[in-house]
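Throw the hints in and build the complete structure from the sequences for me.
Protein chains: 2
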Amino acid sequence: MSLYHPLNEQEAIAIAKSLPGFFDAHAELACREIGDGNLNLVFHITDPESGTSLIMKQALPYAKVVGESWPLSLDRARIESEALRKQEELAPGLVPKVYHYDGDLALTIMEDLSDHVIMRRGLMDGSRYPEFAAHISTFLANTLFYTSDLGLNQQEKKRLSGRFINPDLCKITEDLIFDDPYTESSNNNYEASIADCAAALREDNALHLEVARLRAKFLTQGQALLHGDLHTGSVFVTPGSTKAIDPEFAYFGPMGYDIGAVIANLLLNYAGHEHWSADERERAAHRAYLLDTVTSVWTLFESKFRALWDAHCVDRLFRQTRGYQDAYMQDLLRDTAGYAGCKMVRRIVGLAHVADIDAIPDATARERAQRMALRIGTDLIKNGRQVGTIGQVLQAVQEGV
Amino acid sequence: MSLYHPLNEQEAIAIAKSLPGFFDAHAELACREIGDGNLNLVFHITDPESGTSLIMKQALPYAKVVGESWPLSLDRARIESEALRKQEELAPGLVPKVYHYDGDLALTIMEDLSDHVIMRRGLMDGSRYPEFAAHISTFLANTLFYTSDLGLNQQEKKRLSGRFINPDLCKITEDLIFDDPYTESSNNNYEASIADCAAALREDNALHLEVARLRAKFLTQGQALLHGDLHTGSVFVTPGSTKAIDPEFAYFGPMGYDIGAVIANLLLNYAGHEHWSADERERAAHRAYLLDTVTSVWTLFESKFRALWDAHCVDRLFRQTRGYQDAYMQDLLRDTAGYAGCKMVRRIVGLAHVADIDAIPDATARERAQRMALRIGTDLIKNGRQVGTIGQVLQAVQEGV
Numbered sequence: 001m002s003l004y005h006p007l008n009e010q011e012a013i014a015i016a017k018s019l020p021g022f023f024d025a026h027a028e029l030a031c032r033e034i035g036d037g038n039l040n041l042v043f044h045i046t047d048p049e050s051g052t053s054l055i056m057k058q059a060l061p062y063a064k065v066v067g068e069s070w071p072l073s074l075d076r077a078r079i080e081s082e083a084l085r086k087q088e089e090l091a092p093g094l095v096p097k098v099y100h101y102d103g104d105l106a107l108t109i110m111e112d113l114s115d116h117v118i119m120r121r122g123l124m125d126g127s128r129y130p131e132f133a134a135h136i137s138t139f140l141a142n143t144l145f146y147t148s149d150l151g152l153n154q155q156e157k158k159r160l161s162g163r164f165i166n167p168d169l170c171k172i173t174e175d176l177i178f179d180d181p182y183t184e185s186s187n188n189n190y191e192a193s194i195a196d197c198a199a200a201l202r203e204d205n206a207l208h209l210e211v212a213r214l215r216a217k218f219l220t221q222g223q224a225l226l227h228g229d230l231h232t233g234s235v236f237v238t239p240g241s242t243k244a245i246d247p248e249f250a251y252f253g254p255m256g257y258d259i260g261a262v263i264a265n266l267l268l269n270y271a272g273h274e275h276w277s278a279d280e281r282e283r284a285a286h287r288a289y290l291l292d293t294v295t296s297v298w299t300l301f302e303s304k305f306r307a308l309w310d311a312h313c314v315d316r317l318f319r320q321t322r323g324y325q326d327a328y329m330q331d332l333l334r335d336t337a338g339y340a341g342c343k344m345v346r347r348i349v350g351l352a353h354v355a356d357i358d359a360i361p362d363a364t365a366r367e368r369a370q371r372m373a374l375r376i377g378t379d380l381i382k383n384g385r386q387v388g389t390i391g392q393v394l395q396a397v398q399e400g401v
Numbered sequence: 001m002s003l004y005h006p007l008n009e010q011e012a013i014a015i016a017k018s019l020p021g022f023f024d025a026h027a028e029l030a031c032r033e034i035g036d037g038n039l040n041l042v043f044h045i046t047d048p049e050s051g052t053s054l055i056m057k058q059a060l061p062y063a064k065v066v067g068e069s070w071p072l073s074l075d076r077a078r079i080e081s082e083a084l085r086k087q088e089e090l091a092p093g094l095v096p097k098v099y100h101y102d103g104d105l106a107l108t109i110m111e112d113l114s115d116h117v118i119m120r121r122g123l124m125d126g127s128r129y130p131e132f133a134a135h136i137s138t139f140l141a142n143t144l145f146y147t148s149d150l151g152l153n154q155q156e157k158k159r160l161s162g163r164f165i166n167p168d169l170c171k172i173t174e175d176l177i178f179d180d181p182y183t184e185s186s187n188n189n190y191e192a193s194i195a196d197c198a199a200a201l202r203e204d205n206a207l208h209l210e211v212a213r214l215r216a217k218f219l220t221q222g223q224a225l226l227h228g229d230l231h232t233g234s235v236f237v238t239p240g241s242t243k244a245i246d247p248e249f250a251y252f253g254p255m256g257y258d259i260g261a262v263i264a265n266l267l268l269n270y271a272g273h274e275h276w277s278a279d280e281r282e283r284a285a286h287r288a289y290l291l292d293t294v295t296s297v298w299t300l301f302e303s304k305f306r307a308l309w310d311a312h313c314v315d316r317l318f319r320q321t322r323g324y325q326d327a328y329m330q331d332l333l334r335d336t337a338g339y340a341g342c343k344m345v346r347r348i349v350g351l352a353h354v355a356d357i358d359a360i361p362d363a364t365a366r367e368r369a370q371r372m373a374l375r376i377g378t379d380l381i382k383n384g385r386q387v388g389t390i391g392q393v394l395q396a397v398q399e400g401v
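Sequence order for the protein chains is A and B.
Counting from 1, position 214 in the first sequence corresponds to residue 214 in full-length UniProt numbering; the numbering is continuous, with no gaps.
Counting from 1, position 178 in the second sequence corresponds to residue 178 in full-length UniProt numbering; the numbering is continuous, with no gaps.
Just to be clear, a hint being listed does not mean it is correct.
To be verified - Lysine to any residue pairs mimicking SDA-like chemistry, simulated, CA-CA at most 25 Å apart: (1) A:Lys217 with B:Ala327; (2) A:Lys304 with B:Asn189; (3) A:Lys304 with B:Arg213; (4) A:Lys217 with B:Ile165; (5) A:Lys217 with B:Gln154; (6) B:Lys217 with B:Leu332; (7) B:Lys217 with A:Gln155; (8) B:Lys171 with B:Asn189; (9) A:Lys171 with A:Glu184; (10) B:Lys217 with A:Glu184; (11) B:Lys217 with A:Cys170; (12) A:Lys382 with B:Met329; (13) A:Lys86 with A:Tyr99; (14) B:Lys304 with B:Pro92; (15) B:Lys171 with A:Gln154; (16) A:Lys217 with B:Cys31; (17) A:Lys217 with B:Pro167; (18) B:Lys86 with B:Val98; (19) B:Lys217 with B:Val98; (20) B:Lys64 with B:Cys31; (21) B:Lys304 with B:Asn142; (22) B:Lys217 with B:Ser73; (23) B:Lys97 with B:Pro6; (24) B:Lys217 with A:Ser303; (25) A:Lys217 with B:Tyr146; (26) B:Lys86 with A:Pro167; (27) A:Lys382 with B:Leu317; (28) A:Lys217 with B:Gly388; (29) A:Lys17 with A:Ala27; (30) B:Lys171 with A:Glu156; (31) B:Lys171 with B:His353; (32) A:Lys64 with B:Ala307; (33) A:Lys171 with B:Gly388.
Just so you know, the hints here were simulated from the structure itself, not pulled from any lab data.
Here you go:
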């Protein structure tokens with residue numbers, strides 16, 4: 001018989017107290033369920049006396065999105081906890097620490113990051129995170145390099161990939177990102193005002209050809225252990241700290257998918273800032289900051305990844321063949337551009353949107369932002385395989401404005 | 001405690017007798033160990049009275065090749081038996097039937113194919129197999145299509161791929177095919193007379209760039225469940241029957257690797273026929289037959305694979321996007337050419353050779369064949385990414401002659 005059941009707050013407190021060496025035995029713990037109830041229960045447990053706190057995240061056996069509900073494997077809790085531990089090992093300090101994982105309850109107990117804010121929220125408020133590009137590029141370079149055939153013993157990599165076979169969560173991505181936006185689907189969700197754009201997405205065969213290539217890579221190319229859902233809603237920040245959270249979509253896939261997710265979400269905020277800053281100079285400054293950040297994310301990632309390659313590549317042929325690293329980085333940039341485009345498009349016409357754009361109260365400004373995001377996104381998808389530099393990627397943005 | 005131990009002939013007979021509904025309880029079974037002792041024990045068990053017979057293949061916990069010995073996972077026996085069952089399901093009649101698998105003993109009991117000959121041996125004798133291209137193209141089209149994201153539910157494919165994680169056997173391929181021939185390695189094995197060719201392989205950076213790309217795909221691209229070692233020594237034939245045997249290298253990899261293996265071994269025989277037919281007209285006829293077979297293998301594979309795609313593709317985007325199938329088939333032909341080249345090169349300078357060439361007694365003829373195989377192989381590797389038709393692939397052969 002399965003021991004699994006959704007916890008209530010009293011049970012969560014009892015589990016927290018049983019965690020060795022954490023809370024005082026006599027502490028009066030406070031517990032608040034702070035999840036959105038769609039996929040997981042999230043308990044925030046604190047000892048007001050000592051200030052000690054933790055997060056308990058329990059997977060629910062279903063997903064609810066916009067009223068729909070479908071079953072979802074509890075195994076994703078194991079995948080998330082193992083991904084977090086691997087990421088902490090490879091990129092220390094850039095993910096929440098895992099204190100305990102309970103497979104029966106699909107429960108992960110981890111570091112409380114309440115002093116951080118969700119980056120998407122921060123960007124919408126016009127905040128800047130000067131350390132973000134440095135941090136996220138380290139996270140990307142370290143986790144991608146050291147779980148790939150470049151940085152990990154190639155037989156160990158194969159065994160590790162077996163622990164991250166993630167059919168349920170991959171299916172969400174395959175449907176919502178690499179299929180629905182390009183066809184009539186009941187999952188799609190867009191405003192009537194941009195029905196012409198949605199129709200154009202459905203009819204553009206040249207676009208579909210590129211999406212098909214990117215979909216095929218997502219389905220088959222086990223390059224490295226991805227976070228798998230690295231948007232700005234999955235990043236906790238303070239001015240000096242960055243933490244990538246919620247890697248339940250982790251699986252072995254194409255590296256460009258993770259890098260593209262970061263860039264896409266910076267660009268979605270760019271498109272949304274049509275509205276968020278009324279002051280034109282302030283808006284221009286924020287947008288310049290976002291483009292600088294996109295450039296820095298790639299540039300820093302590339303230099304760190306190349307440095308790891310030069311110092312620690314485990315593969316003789318890849319290490320010694322002149323020009324192979326350059327060709328590899330170019331392919332990676334192209335994948336990054338294409339995936340960034342896919343991630344932008346789905347946030348405008350697909351099931352799940354982003355607040356950067358959806359929360360714009362003025363309908364005209366919102367529509368302008370949506371159209372801009374779609375222009376940039378489709379341009380990145382269609383021209384991704386031609387770009388050679390991050391500057392050319394940003395050109396797609398300028399042209400889409 | 002493990003129940004595993006290498007069987008002797010008496011134990012093999014006892015197990016055969018215990019197989020329900022196979023041999024008569026009172027039958028006097030004859031047993032002969034016919035393996036080469038390098039990787040597996042192979043018992044041929046017959047009831048002379050009834051004529052009933054079977055093969056028992058038991059994995060040994062090590063590999064011996066040219067005096068070297070290294071440990072090898074017994075799990076490969078499970079992989080082989082599961083691959084054979086999956087292949088029989090998808091391409092009935094084209095692999096030996098599995099009667100029983102015993103995981104404790106790493107033992108597979110299967111159909112006896114003593115009435116067949118090893119295709120490599122047959123080709124060396126100048127035999128022709130008019131049904132081979134039709135059979136092997138069906139085997140390739142069915143097994144590759146129906147284990148790929150084109151023909152198999154994509155979540156089921158991910159789960160299936162977890163059963164074919166095959167680090168030990170993949171490492172053999174990664175080392176012997178995609179590394180050693182291009183560097184100084186104690187695994188390499190070539191005659192002094194072609195030392196100049198071996199040196200050229202080590203020094204050709206443009207060649208290494210292409211080998212690196214093919215190696216990277218072999219390491220990361222889980223396109224379909226491959227046989228993984230589909231050379232003509234792994235094919236049993238009669239004029240009317242073809243059976244692919246020994247899929248212990250099975251794993252999810254790039255489709256072109258299997259197709260390329262077939263083509264490479266036909267072309268190795270082509271190069272070897274420098275000697276095997278002394279009569280020039282006979283030699284020319286045999287070579288024309290081999291080239292026709294190469295063309296037919298690809299052409300029939302392509303038309304069958306496209307027909308499966310048209311009728312049974314499970315992926316909406318891949319099915320509906322105009323031109324995607326053409327682009328996919330072109331990539332596949334290019335991979336096929338490149339992998340065929342790699343498989344040829346390793347058989348001349350790498351650890352394991354082929355009898356088509358090594359058994360040529362005359363040193364001059366043998367050297368001529370070796371040089372021809374290397375010319376064709378390197379040409380296929382270097383120009384593989386440019387070919388658009390099987391005719392252009394064969395041009396590499398004509399130029400290498």
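Status of the hints after comparison with the structure:
| no. | hint | in the structure |
| --- | --- | --- |
| 1 | A:Lys217 with B:Ala327 | 14 Å, holds |
| 2 | A:Lys304 with B:Asn189 | 39 Å, violated |
| 3 | A:Lys304 with B:Arg213 | 22 Å, holds |
| 4 | A:Lys217 with B:Ile165 | 19 Å, holds |
| 5 | A:Lys217 with B:Gln154 | 13 Å, holds |
| 6 | B:Lys217 with B:Leu332 | 12 Å, holds |
| 7 | B:Lys217 with A:Gln155 | 15 Å, holds |
| 8 | B:Lys171 with B:Asn189 | 18 Å, holds |
| 9 | A:Lys171 with A:Glu184 | 18 Å, holds |
| 10 | B:Lys217 with A:Glu184 | 34 Å, violated |
| 11 | B:Lys217 with A:Cys170 | 21 Å, holds |
| 12 | A:Lys382 with B:Met329 | 21 Å, holds |
| 13 | A:Lys86 with A:Tyr99 | 13 Å, holds |
| 14 | B:Lys304 with B:Pro92 | 15 Å, holds |
| 15 | B:Lys171 with A:Gln154 | 8 Å, holds |
| 16 | A:Lys217 with B:Cys31 | 49 Å, violated |
| 17 | A:Lys217 with B:Pro167 | 22 Å, holds |
| 18 | B:Lys86 with B:Val98 | 10 Å, holds |
| 19 | B:Lys217 with B:Val98 | 31 Å, violated |
| 20 | B:Lys64 with B:Cys31 | 24 Å, holds |
| 21 | B:Lys304 with B:Asn142 | 8 Å, holds |
| 22 | B:Lys217 with B:Ser73 | 24 Å, holds |
| 23 | B:Lys97 with B:Pro6 | 23 Å, holds |
| 24 | B:Lys217 with A:Ser303 | 24 Å, holds |
| 25 | A:Lys217 with B:Tyr146 | 18 Å, holds |
| 26 | B:Lys86 with A:Pro167 | 20 Å, holds |
| 27 | A:Lys382 with B:Leu317 | 16 Å, holds |
| 28 | A:Lys217 with B:Gly388 | 22 Å, holds |
| 29 | A:Lys17 with A:Ala27 | 8 Å, holds |
| 30 | B:Lys171 with A:Glu156 | 11 Å, holds |
| 31 | B:Lys171 with B:His353 | 18 Å, holds |
| 32 | A:Lys64 with B:Ala307 | 39 Å, violated |
| 33 | A:Lys171 with B:Gly388 | 33 Å, violated |
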